[in-house]
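Peer 1: Sequence:
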Amino acid sequence: MKNKGTLVKSRRPMAHQASRSSWDSPYLEPFKAIAKSFSPYWLACIPLTGIIILVWHTAAVAQDSAAPTPAEIQGTLNTIWVLVAAILVIFMNAGFGMLETGFCRQKNAVNILSKNLIVFALATIAFWAIGFSFMFGKGNAFIGLSGFFLSNEDPATYGLDPFPAGLPISVFFLFQAAFAGTAATIVSGAVAERIKFLDFLIFSILIVGVSYSITGHWVWSSDGWLGGMGFSDFAGSTVVHSVGGWAALMGAAFLGPRSGKYENGEPRAIPGHNMSIATLGCLILWIGWFGFNPGSELAASEAVPYIAVTTNLAAAAGGITATLTAWLKDGKPDLSMIINGILAGLVAITAPCNNVTYLSAVIIGAIGGIIVVFSVSFFDNIKIDDPVGAISVHLVNGIWGTLAVGLFAKDSGLFTAGSAGQLGTQIIGILAIGGFTVLFSGIVWFVLKLTLGIRVTPEEELEGLDIAEHGMEAYAGFVKESSVIPSSSMGNFSSTTDMASSSEF
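Just so you know, we're using the numbering used here here: the sequence shown kicks off at 1 and counts up by one.
Misleading hints may appear alongside valid ones.
Stated by the list, open to error - Across the chosen pairs, the derived CB separations fall in these ranges:
1) Ala420 - Thr457: 25 to 33 Å
2) Asp411 - Ser377: 32 to 40 Å
3) Glu459 - Leu298: 47 to 55 Å
What the hints assert, rightly or not - Capping the alpha-carbon separation at 27 Å, the derived lysine-lysine pairs in BS3-like fashion look like this:
4) Lys410 - Lys329
5) Lys383 - Lys329
6) Lys410 - Lys332
7) Lys261 - Lys449
8) Lys261 - Lys383
9) Lys261 - Lys332
10) Lys261 - Lys329
Worth flagging that the hints you see were computed from the coordinates, not collected in a lab.
Quick reminder that beta carbons are idealized off the backbone N, C-alpha and C, glycines included.
Can you make the complete structure from the sequences, with help from the hints?
Peer 2: Right under this line is the structure:
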């Protein structure tokens, strides 16, 4: 027994020593170094990770029998693409804000930025409450009358097929709400620097919630009367841009020109304060248009890149011809005309972008760039004061782009198919939507003018709407105007009184 006990005792230290010698093996040194670099909490995650991977694998194997069908995959791709396109269109609000602010004077920068920001919020709520139903809800050939407040979960209520053949209601609404906000934002630039903030907000709610939605129903709803007779406006040259342009024209007419715009009956230039951000705004809009036009395909199809190319070609051609036209007309290549030429090309190609050749897209954009230069001068001469050229870009070129469908459409254009039928239908649509928008917006502007008064006082206009309407400045602490006294005074700035008097300009 003693010998046995001794034998047992002698084996334990040997086993322990063998265990230690195994742990101290040089082959384990790298693992020991790695283990020391992690806390116990991290080490505890290792088995947890193994469990997660095991469960995940088991679930994947269990779902092998329920793999998505090709139709479901296509439906998901369509949904994701339209969601991305909607975000691009929403981002265009930043482009409008930068463009309009740069084209106007610095004393009104806060006011313009505020309008461009709040108008999309208002448009979203108005479109959610009634506009989306007026535009796409089941009703009659004139107006939709179902699914208010996005309350119906049946896709057929809004003219959609069930997923995956059709888009989910949510993403379709978001995309269309982005378009609705664009129509209201167009008005902002044309009435800038002299309209009351409250009146603009009221008008924006009504134009989006009622007028835009009703005329949109005529074209884009499954039972709209204009769409039924063959009127074609793929992404909204008329439905969005001309509607915004007509409303802007009526607002500018009711407001009258800015103080100092005309001297002895002749138009006088009032330069914008920051062409850098105006140019940035143009580029943002150019990029956003790749959501506006290709997104209107409402599917991730092979047509999307084709539409993107026609859109880009027209924008480039518009910018080039506007530059050359302004250069020949006025003797200088005007940056503001380069910007508006690009936008004119984009607006013009919006209606026919899916159904014209690349050459036709270049021609359409090039003509748009020429038109916009002469249109700006025309409205100046008839005393319609549009600080940013919104009427010329969106109304005039929206009309041109809609007519271009009837001229250049591959299958029905006058120049391509030899038929004038499509052109006649396009003219009917332009007149019908234009007439309704002029009537509606004219009534709203007239009522606002009689009740609230739509224009700020001359003193507020002179001081600037940033202070008068918002009580703040966009560039606090910076010199507002280049009012410098003669060089003999070593470049000291003029008095506050002199600067205030110059701020009118």
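Peer 1: Kindly indicate which numbered hints from before are broken by the structure, ordering the numbers from low to high.
Peer 2: 1, 4, 6
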